[in-house]
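In this note's numbering, the protein residues as written are 1238 to 1439.
One or more of the hints may lead you astray.
Said to hold, decoys possible - Restricting the straight-line Cα-Cα distance to at most 20 Å, the calculated cross-link-like pairs of lysine to aspartate or glutamate (DMTMM-like) are: (1) K1414 with D1392; (2) K1432 with D1392; (3) K1369 with D1392; (4) K1355 with E1428; (5) K1320 with E1277; (6) K1348 with E1330.
Said to hold, decoys possible - Across the chosen pairs, the derived CB separations fall in these ranges: (7) Q1248 with I1340: 34 to 42 Å; (8) G1318 with Q1250: 14 to 22 Å; (9) V1347 with Q1436: 28 to 36 Å.
Think of the hints as simulated: they come from the structure by calculation, not from any bench.
Positions of the beta carbon are idealized from the N, C-alpha and C atoms, including for glycine.
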Amino acid sequence: MIGWIKGFILQKQAPHLLLNVNGVGYELQAPMTTFYTLPEDGEVELYTHFVVREDAQLLYGFATTNERRLFRELIKVNGVGPKLALSILSTMETQVFVQCVQIDDVATLVKIPGIGKKTAERLLVEMRDRLKDWFADADAALTGSSLLPVCSEEDIIIQEATAALITLGYKAADANKMVAVVNNAELNTTEALIKAALQRML
1238 MIGWIKGFIL QKQAPHLLLN VNGVGYELQA PMTTFYTLPE DGEVELYTHF VVREDAQLLY
1298 GFATTNERRL FRELIKVNGV GPKLALSILS TMETQVFVQC VQIDDVATLV KIPGIGKKTA
1358 ERLLVEMRDR LKDWFADADA ALTGSSLLPV CSEEDIIIQE ATAALITLGY KAADANKMVA
1418 VVNNAELNTT EALIKAALQR ML
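Construct the complete structure from the given sequences, taking the supplied hints into account.
Below you can see the structure in the form of structure tokens.
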């Protein structure tokens, strides 16, 4: 099991990373929450989860142990594979997801790409017991002022548009700027925000 990796960034194209680790290129996939913390180049350290399938060996990277821990819990849920788990982590921070589970917030979960109402309800049921002591070790109870705000629909649209631009080959910093410049209340879909950002570059 590969649990941690340290290397120099060779390529970044969300959700894929290529790291030079002592002369060997390691391919990883990471959620957008991790991508936002990474520099454009230089040395990075990531916690990892290694998946072995009949047709592939896949390595997933995370900026924090909490991200990896939640990823591992998510892929235990029936119908939730690594791809959907990455989508969840890319859309909201770990604390926000835990809050959604604790307050049975189906409405927020169904806004995540790939999650319908049935999957959201299954997540709430299966994750509730697993996450009730989530912050016990970190002395950060999820109550009162420690709660992070649930991602609004606007936040999710911005995150999706930024991720799409990165996939198209733009650097994360540039993608963030492109979206920020054109973002306004009239652009209320991911597609509209992406189109506006690209048109501004012409």
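Hint numbers not upheld by this structure, sorted from lowest to highest: 3, 4, 5
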